[in-house]
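Participant: Whole structure, please, built from the sequences with the hints as guidance.
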Amino acid sequence: MPVILEAHDLVKRYPLGEGSVEALRGASLAVAKGEFVAIMGSSGSGKSTMLHLLGGLDRPTSGQVMIDGVNISQLDDEQATLTRRAKTGFVFQFFNLIPTLNVTENVALPFLIAGDSVNQHRVRVDELLELVGLSDKAAHRPDQLSAGEQQRVALARALATEPAILLADEPTGNLDYTTGAEILDLLWDSCDRLGQTIVLVTHDARAAAYADRVLIVRDGVIRDEIVLGRRPDHEARPLIARLAALGL
Amino acid sequence: MRLAALAWRSLAARRLRTTLTVLGIALGVALMTGTLIANQAAGETVRRAAGELFGKAELRVQAFDPAGFTPRAITTLRRLPGVTAAAAVADRRLTVSTLPGPNEHVFNLLVIGVDPADEAQVRTYSLTAGSMLSAGSPRDALVNATWAAQYGLGVGDGLILTGHRIGLEPLRIVGLLDDVGFGSLAQGSVLVVNRDALDAAFQIPSPVTSIDLVVAPGHEADVETALDRDMTEPFIVEKVADAELQLSRAQAGFAGIAFLFALIALAVGAFLVANAQAMSLRERTREIGLLRAAGATRRQVLALFLRQGWTIGLIGSALGVAGGIAIAVLMISFLRSTRAVLVAGLPLNPLSLGLAFAAGLLVTLAASALPALAAARVSPLDALRPSRQPGRSLWQRLRWLLVIELLVVVIGVVLYPLDRGDGLLTTVPLALGVLLAGWLVTAVLLQPIARVIGRPFEWFFGAEGMLGRANIGRDRARTGLTVGALVLALAAIVTLGAVAESARASAQRWVGSIIPGGYAIRLGLAVDIEASKADFEATSGAKAATPIVEFPLVAREATKQTEVSVAGIDPTVYEDAGSLIFVEGTRAVAYQRLRDGGAVLVPQGAAERDGLKVGDVIDLAVPGAKARPFAVAGVIAYTLPARSPDGAFLISLADAADQFGVTRASLWAFVPQDGVTAAAFRAAVDEKAQEYAAEPLSAADLADSLGRSLDRLLGLFDVLALLAVVIAGLGVLNTLAMGVAERRREIAILRSHGMTTGQVQAMVVSEAGIMGAVGGLAAIGTGLLVAWAIVGATSARDFGAGLAIPWPLLISVVLLGTAIAALASIYPARLAAHTSMVGGIQHFE
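Chains L and X, in that order, give the protein sequences. The first sequence lines up with residues 1 to 248 when you count with our numbering. The second sequence lines up with residues 249 to 1093 when you count with our numbering.
FYI, nobody ran anything at the bench for these hints, they're computed from the structure. Idealized CB from N, CA, C, for every residue including glycine. Please note that a few of the clues may not be correct.
[To be verified] Over the 12 Å line for every Cβ pair with chain X, so calculated as not near, a few chain L residues:
no., residue
1, 3
2, 30
3, 130
4, 193
5, 234
6, 241
[As the list claims (entries may be wrong)] Among chain X residues calculated to face chain L with C-beta under 8 Å, some are:
no., residue
7, 249
8, 251
9, 404
10, 535
11, 538
12, 546
Facilitator: So this is what it looks like as structure tokens:
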């Protein structure tokens, strides 16, 4: 399958006092279309920084990121924003939803941002709500939903524009095990059934076990790669064993 | 639904804040609208008054001699080529009373005698009731409607002219004059009667002091040429525009001050908007980060916030314009009742309403601009970092206020050279500049001041007071700006009080210095000085009785001629009584030079304007006659009020008689002997006044009356300032509510550790109380500084006594500030007390 996301020698330095700290020190990766890749690492390993760079939320100190053939690292803020709008979808750990919009409107947010109205994309929105099992809560506000339901809405929104790539940053970090599993099932389903390319950042091996491939980030570089393949059972033990063998 | 709807959703989700913000702008716009309408009404009334006073007449020819025109001069004027109609006006001040009875009133009125037939050709009288004088009814009279209502008089009631010939029938009121035109003269204390009847009522006919001429179109120049050629008596020509200028000059101060208050209210309202938008940004940083992560551009985020501001501005301005019309009605009604300003009607000029609306909208957008730009700068990463808030230093957050301050200073500097000398163009920006500086300084120094001021609250409230004091320092910029807005509004009250106090003190000083002895009488007709002096000097208890002759001259310089009012005084009596305050020249030398002749004392205002100094020579003359040189012997702080805005130039009685032939006086001052009680002397002067059907005057009464007029007018401004305080109070409410919302977790933890709901409320109230007390104290300093600037910038004639401090008011302002803030804290305190402990502990930034 063609490569849809590439990163070459990504370096990211942050100023710290009189010096600086390197969050990434030359990380590279490639993600094929329709692939589900998990990026794992401990706290401070640079995995979240990598996600920010891959999604165009931040610019690397050096190196480049290509999404669907477009080098987003060279783009100015306006262009990066428009690219992000067209080619990426995000699911965050906390506070994903706009509190003053209802479920339907939150799902349709990318369309609204693009200047369209909800009604122009009603069919698509209804499909997504059906996908995440929230058709009966279309008019609810975020404060009327549980944490799991809110994440499902966030997922539906991230899929709204059929983005080239969906980036999820610890999407189950704020959820209990069962609810988290539901979200991960939905993610996997969208990848397997709809061909959505997904990059998931997590510290949880059970979440990473849903991926086709797991990349291990340590000290700002991708140290290891564990290929799991497409597995409907998402069994985590093989991954855990491989991680243990790597000393993680 | 489109993305733009997020703006309105956000406003609707925070109803209290949105309502307060809209209210703040509405009040500010309402004050501006009310002021614009009232000012326009005043301007239109002045034009109408001048127009009605002149009617169809193009020219008013006024007699130079207080004795008026001779019959020959009247005939000459009527027969000037080009004159199609002429109306002569005679006037004198008379004592008038209602019919004898239990409710008898006595008044001193300006009685105007007119020829009804001539009047009908020249002008139309504005009557609120009844009818015009008729030629066949000599007992007809017209009075001002408002004045008549004050004394329960109406059409059909009778009036008696005191001192008239025996056997005359009383006058009968046939019509009530509107407050413009003749009805506006003498602040409404005017009586219009048939001239023939007035002449017949007394031994001496009333002097014809002016004749209004209707000129055929295109013949104005001919008439003016013929006037110079044919008139043998001195005269002054006045046109409608001159009358309009005189009337409007008297009201200019009111317009400027009213507009300043409207600006203050709008500024405080704008701060409310900026504060609310900044709070909105703080709350929605993560939401904005999310929007940016999802692909919303900076421009779209900017538009969202500006759209919020636009919505607030639209609704607030619309409500404000509607409310402003109501305020205008109240203001105009109040001004009419005080007669401090000539105003009538309610002109709803679309331009004024549009201007106020646009001002409200623009101010709201301007206030929203910085928060909107800050929102646009929020990065998508802010969606991902729970506690990451962009930190800006205090000065970065106060920068916008500093920019506005500098702008006002620049405007003041630009306008300074254009000032006409009345101080208006510079006073408004100067006052605004000082007020804004007070705002800025308060915001910067709030924390150290609050540490000191908060001590009493800590002693009183205990731990709650301590926590309240500590909360002041949480968001220094936000709290500082909120308190600063309160300072702005309270300082306006302090300024008004100090200016009023200073004006009262100056009025006392003024009145006390211009009438030697402090007592005087004003006769309706001037009497011969030589013939009457002995009789006046015989007044019981009088050490001296001195005439003061008043007459107009012209000052000549090359080909230019300016009208000046002159008064002839007895230098010896004035010197002995210690009257007049000299700002230049030695008292003894100046009075001696007056006695020697050929000397003049110049009022300070005129000296400053024309650059006159002791030793300079002014040429004074009766128009058409040879000019006489007068050397400036001194410059005086105060002088007798006169037709000229600067007041009267003073020369000796001897010079008035010898040089200009003035030998009659209608104003006589009385100096009491040592040891005579004030009450006894006053009674003696009143008796003498009654003998001559004259009006008794006392310095104390005049000062009192001036003080009361001032209080009435400034009372209106106090109300405007209070409205601004209310708006500032809304800002306090807003800030406190936001603080409570931010501290939900902290409040929940305090509650979980045993703090009662009452204690939580006390914590919020004490925080508010400290804010208010700091605001009140800072307002004292700021307000006194503004008052000092106004007193310094305004004519010395108005504030010669310098700045007087209204101590009781200063204490009231501190209490008012504390009370307003405490009142504003009631709702936020309740919110805080009802914070759910569980929900609060689970909440985090």
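Participant: If a hint holds in the structure, say so; if it doesn't, say that too.
Facilitator: A quick look at each hint next to the structure:
no., hint, verdict
1, 3, "holds, 23 Å"
2, 30, "holds, 23 Å"
3, 130, "holds, 20 Å"
4, 193, "holds, 24 Å"
5, 234, "holds, 26 Å"
6, 241, "holds, 32 Å"
7, 249, "holds, 5 Å"
8, 251, "holds, 4 Å"
9, 404, "violated, 70 Å"
10, 535, "holds, 6 Å"
11, 538, "holds, 7 Å"
12, 546, "holds, 7 Å"
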